[in-house]
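Visitor: Can you build the whole structure from these sequences, using the hints too?
The lines below spell out each chain.
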Amino acid sequence: MRRDAAPAYQLTDLSDEPVAPPANDAGEDEGELADVAEYDVPETPSDSALPGGDWLSDRELRSNGGKHLTGTSVRSLPRSAGVTEECWLWENVFECDPTDTCLSLETGFWECTSYCVIVDVFSWDEGYWVYLKLCSEMASWEMPSGTTEEPDFPALELDCPSSVAVAQNAECHAHSLDYGTVSITGWTFYLANGDSVVRTSSPTDETWSGTMAMGGIARVSGYIGEVEATDGTAEIAVQPRGWSWRGDTSNVQAPTSADCFSVQNNFTIVGRAWGLSCGTLTKLLSPDWASGNGFTLLQIANGLNKDLWYVSAMSTGLDMRWQIHREWRSDGWTYPVAPRDTLIQQVQASMHPECKQNSLIPVPPDSAILNLTQTNVTCRNWINRDTVVNGTVYASYDSLVGYVSRHEECHGKLAIRRFSGVGGVTPVPDQKKRADTMVRSSQSNLLQDLQDLVTDANDSVFNYAKKLDTTAVLKHFLFFQSIPGSPPHWDASGYGAQGKLC
Amino acid sequence: MLKSAIIIALGLACPVIALAQRVPPMADSSAAQIAGRIHSRLPEHQRMGFGWVSDILRQEGKPQPAAKLDAVADALTEVVLEESDRSTPALSMLSHAGHPADSMRTGTPYPGTLERLIRIHQQGSKTPGVRTSALANMTGFPGSLPYLRSVAVSSDPSAVYAVDHLIAVAQNGGRNGFLNSHKDAAQEILRDIFMRSLTRERFADEGILVYGTSQGWRRD
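In the order they appear, the protein sequences are chains A and B.
Per our numbering, the very first residue in the first sequence carries number -15; after that it's consecutive.
Per our numbering, the very first residue in the second sequence carries number 6; after that it's consecutive.
Worth flagging that the hints you see were computed from the coordinates, not collected in a lab.
Here the structure is a predicted model, which is why all the values come from computation and not from measurement.
Just to be clear, a hint being listed does not mean it is correct.
[As the list claims (entries may be wrong)] In silico EDC-like links for lysine to aspartate or glutamate, alpha-carbon gap of 20 Å or less:
no., chain 1, residue 1, chain 2, residue 2
1, A, K484, B, D210
2, A, K451, B, D161
3, A, K451, B, E211
4, A, K484, B, E206
5, A, K459, B, E211
6, A, K417, A, D272
7, A, K451, B, E206
8, A, K484, B, E211
9, B, K131, B, E87
10, A, K451, B, D210
[Stated by the list, open to error] Here are some, though not all, of the chain B residues that point toward chain A, as calculated from beta-carbon distances under 10 Å:
no., residue
11, S59
12, S100
13, T144
All residues carry an ideal CB built from backbone N, CA and C; glycine is no exception.
Guide: In structure tokens form, the structure reads like this:
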């Protein structure tokens, strides 16, 4: 008894008694996924050649109180060479009485544009013997009585959901339309990746169920009564859950209470943009996937996908933060101002009222402690004032802070464009979409694959976002800062910004 | 008499026969046969992924000659260097093959992984891409620190990634904490790079500046 091939229908000369066809007869290609149909237009047989006498049209059947056949699904088939008809195979055929009470039949029929063929299936060792009848009009047709004798080899039927989503449960139930007690001997699920799951727990149950992550073909073996039955098979497709990380983004200014880079006396870095992992340079996606964070991996304990690992949750996204370094903010660190500093001399000449009012610089100016903002905005009042030195235009301190703020925010915008594909930018692959249907036989394999997919995307996002940073100085600024030295002192300094806006 | 015949094969392919537990497919095949399967473009072969190759390299269920392992790893490396959509899965399983055994990983770590990751970084063309992915995976291998250092201080466009991976080792022990015992060594490398201003690539320079400053290091 062949156990490794899908059921096949085979026709033979109806005038002969059914005999077993030769082994490995044509038409049973184990490797074919697609349906195959090869047939010539058959001659119309004489009704006397068919068992069961005349066949009646549906109209005739109904008028005589007879039954008719109907199918619950239609499958389009490719046409063979020389055959011009469009043909369908009607499956899951039901015999219905005039009150539309239907009984499922172990049969099916072909319907073509010029003729139809009713088949009656007799199970045989190498497949099925089929009786057929050509019809001159399209209708539903009755199976001639007397042709539905008990097959020599009964068949198991397997009812499984044709499609489930990842992480959903699938339950398959084995039964038979043939007479006799069903005894199941084993189950196998052939995974789409070529592996298989052989049921070891309660293999004689008539039902097999479990969480699904990968599709494939379920197969059940058993007996009907004392006879070994033809295996039942059913395909289950596993659909993605619709995951996507495209919208998992944010780009906000971090509050001053959450400094990412908080080191005093560093005047070279004005602002920064980063992902939620503050301590790293290139890792913009979060959480830290390299440490295994952001993924929930589950192993399926039972059922058709037993022992497989899949991703039950993934939280990886692009959450950009940007910030002006504390030195350049109003809460910046303070530095002493000495009376001899250039700053004092200039401020004294035109001290801003607020500076004087707040006694930031005492009068007479013996000493003060100021930060960059107090010095340049409150006291020196360098607001919106450009200074030209040797032909170069230097913008003011507050212009610098504004420029850098926009620059850092732009890093986040560019990163999101690359991550999500907005603004006409080619996006990085949606790795969460891939993770949706990723299944591996081991936890470590799955984790490794996930980490590398995220690494790929992250590196690409970082590389795109850093395009704003330049080696060339694009804009000049002039302001007072505390110059380290012995003693330190405040003086005007020119700055060049190595970065552009988006 | 009906003379015509209808031959109809319905339904689904007969799947591959179940594999014996823990012995990967083709484990008994020659290196050339395995390499052929690795390079195969047949859909049914590509659906298998490269997990089975990693299992062979880790000698799951069956010891393998060293020369065979190297030939298989080389075939996997060639797929990575194709820089196609199959490169990342191939790189993942090449790396996976070399990681130490732990609660998640069985078998024997393949000793030639790091050498091939370095080869991928040196011969790959895409930055970011397989070159940076190879760097990221190096943080799972103790012998990688000298190479990461050499990249970090180079003018290569992947230098900033190398700096960042050294930081990741210093702070978190690298990929999955594989290098927890090498945190101090990585930190010392970073300190040396910072103090001697060794970086030459613009972003690596900024990266080491930010990191070094955050660590309280001061250049004299």
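Visitor: Indicate, hint by hint, whether the structure satisfies it.
Guide: Taking the hints in turn, this is what the structure says about them:
1. K484(A) - D210(B): holds, 19 Å
2. K451(A) - D161(B): holds, 16 Å
3. K451(A) - E211(B): Given that 20 Å is the threshold and the Cα spacing comes to 14 Å, the pair holds.
4. K484(A) - E206(B): holds, 19 Å
5. K459(A) - E211(B): holds, 19 Å
6. K417(A) - D272(A): holds, 19 Å
7. K451(A) - E206(B): holds, 14 Å
8. K484(A) - E211(B): holds, 16 Å
9. K131(B) - E87(B): holds, 11 Å
10. K451(A) - D210(B): This hinted pair holds, its Cα atoms lying about 16 Å apart.
11. S59: With a closest approach of 7 Å, the S59(B) hint holds.
12. S100: holds, 6 Å
13. T144: holds, 7 Å
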